[in-house]
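Engineer: Sequence:
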Amino acid sequence: MNNDNLKVTTRTTFQLLAPGAAPAPVEAELVYDPEDPYAVAVVFHTGTGRVEWMFARDLLADGLLTPSGEGDILVRPASDDPERVLVELNAPTGFAILSALAEDVAAFLDSSYDVVQPGEEDLWIDFDRELQKLVSTID
Numbered sequence: 001m002n003n004d005n006l007k008v009t010t011r012t013t014f015q016l017l018a019p020g021a022a023p024a025p026v027e028a029e030l031v032y033d034p035e036d037p038y039a040v041a042v043v044f045h046t047g048t049g050r051v052e053w054m055f056a057r058d059l060l061a062d063g064l065l066t067p068s069g070e071g072d073i074l075v076r077p078a079s080d081d082p083e084r085v086l087v088e089l090n091a092p093t094g095f096a097i098l099s100a101l102a103e104d105v106a107a108f109l110d111s112s113y114d115v116v117q118p119g120e121e122d123l124w125i126d127f128d129r130e131l132q133k134l135v136s137t138i139d
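Just so we're aligned, residue 1 is where the sequence shown starts under our numbering, counting upward by one.
By construction, these hints were calculated from the structure, which means they are not laboratory data. Just so you know, not all the hints are guaranteed correct.
Within a straight-line C-alpha distance of at most 25 angstroms, the following computed SDA-like cross-link-like pairs (lysine to any residue) qualify [as the list claims (entries may be wrong)]: (1) LYS7 <-> GLN132; (2) LYS7 <-> VAL26; (3) LYS7 <-> THR93; (4) LYS7 <-> GLU52; (5) LYS7 <-> VAL43; (6) LYS7 <-> ASP80; (7) LYS7 <-> HIS45; (8) LYS7 <-> GLU29; (9) LYS7 <-> ILE138; (10) LYS7 <-> ALA78; (11) LYS7 <-> ASP81; (12) LYS7 <-> TYR38; (13) LYS7 <-> GLU103; (14) LYS7 <-> ASP36; (15) LYS7 <-> PHE95; (16) LYS7 <-> PRO92; (17) LYS7 <-> GLY119; (18) LYS7 <-> ALA39; (19) LYS7 <-> ARG129.
Pair ranges (Cβ atoms, derived) [said to hold, decoys possible]: (20) GLY94 <-> GLN132: 21 to 27 angstroms; (21) GLN132 <-> ALA78: 40 to 46 angstroms; (22) GLN15 <-> ASP110: 21 to 27 angstroms; (23) GLU52 <-> GLU103: 32 to 38 angstroms; (24) GLU103 <-> ILE125: 27 to 33 angstroms.
Glycine included, C-beta positions come from ideal geometry on N, C-alpha and C.
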């Protein structure tokens, strides 16, 4: 099944937070593709190109309300501004803390729920296609 017309993409601006510096705007897209129904992507458009992070849709939703995640990605409400959510990204080469409007993130999630309701993600997985991908990597 071709789900390209069901993809949800929302443009937003994150603020890159750094100690002792003013927040720097970073243009980004939040992307939900029902072909990977449990995941969301954040695509940051930086001066050096495109940086994409993928993580669980549930993590993003939970992070609007309470600190969520561990390891590479943490999402939590901003303690000093209830209208913002923080996304902390950790990689071997460094880390970043970004802030987004919680309203934008919530609207994106609502749009993704219009495509695939929470709890129905497994109905969207094409197991034959996934098995074929697995078998083709073995050959």
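Engineer: Would you mind marking each hint as holding or not holding in the structure?
Structural biologist: Consistency of the hints with the structure:
Proposed proximity of LYS7 and GLN132 is supported: the alpha carbons are some 23 angstroms apart, at most 25 angstroms. As the CA atoms of LYS7 and VAL26 are separated by approximately 22 angstroms, the hinted pair is consistent with the 25 angstroms bound. Pair hint LYS7 plus THR93 does not hold up; C-alpha atoms about 31 angstroms apart against a cutoff of 25 angstroms. Restraint check for LYS7 and GLU52: the C-alpha separation of about 16 angstroms stays at or below 25 angstroms, so the hint holds.
Our distance criterion of 25 angstroms between C-alpha atoms is met by LYS7 and VAL43, whose separation comes to about 14 angstroms. A hinted pair counts as satisfied when its Cα atoms are at most 25 angstroms apart, and LYS7 with ASP80 does not qualify at roughly 33 angstroms. Note on LYS7 and HIS45: the hinted pairing holds, with a Cα-Cα distance of about 19 angstroms set against a maximum of 25 angstroms. Distance hint between LYS7 and GLU29 is fulfilled; the C-alpha atoms sit about 12 angstroms from each other, no more than 25 angstroms.
The straight-line distance between the Cα atoms of LYS7 and ILE138 is roughly 30 angstroms, outside the 25 angstroms bound, and the hint therefore fails. For the hint linking LYS7 to ALA78, the alpha-carbon distance of about 28 angstroms lies beyond 25 angstroms, and the restraint is violated. Between the alpha carbons of LYS7 and ASP81 the distance comes to roughly 30 angstroms, so the proposed pair goes past 25 angstroms and is violated. This hinted pair checks out: LYS7 and TYR38 have alpha carbons roughly 13 angstroms apart, not beyond 25 angstroms.
Taking the CA atoms of LYS7 and GLU103, the gap is near 20 angstroms; set against the 25 angstroms cutoff, the hint holds. At most 25 angstroms may separate the alpha-carbon atoms for a hinted pair to count; LYS7 and ASP36 meet this at roughly 10 angstroms. In summary, the hint linking LYS7 to PHE95 is not supported, as the alpha carbons are separated by about 28 angstroms, beyond the 25 angstroms threshold. For the proposed pair LYS7 and PRO92, the alpha carbon gap of about 30 angstroms is over 25 angstroms, so the pair is violated.
Restraint check for LYS7 and GLY119: the C-alpha separation of about 18 angstroms stays at or below 25 angstroms, so the hint holds. A distance of roughly 12 angstroms separates the Cα atoms of LYS7 and ALA39; the hinted pair therefore holds under the 25 angstroms criterion. Taking the CA atoms of LYS7 and ARG129, the gap is about 18 angstroms. The hint holds against a cut of 25 angstroms. Remark: the range hint 21 to 27 angstroms for GLY94 to GLN132 is contradicted by a beta-carbon distance near 37 angstroms.
Evaluation of the 40 to 46 angstroms hint for GLN132 and ALA78 yields a pass: the beta carbon distance comes to about 43 angstroms. Between GLN15 and ASP110 the beta carbon distance is about 22 angstroms. The supplied range of 21 to 27 angstroms therefore holds. Checking the proposed 32 to 38 angstroms range against GLU52 and GLU103 shows it is violated: the Cβ atoms sit about 23 angstroms from each other. A beta carbon spacing of about 30 angstroms between GLU103 and ILE125 agrees with the range 27 to 33 angstroms that was offered as a hint.
Checked against the numbered hints given earlier, this structure breaks hints 3, 6, 9, 10, 11, 15, 16, 20, 23; the rest are met.
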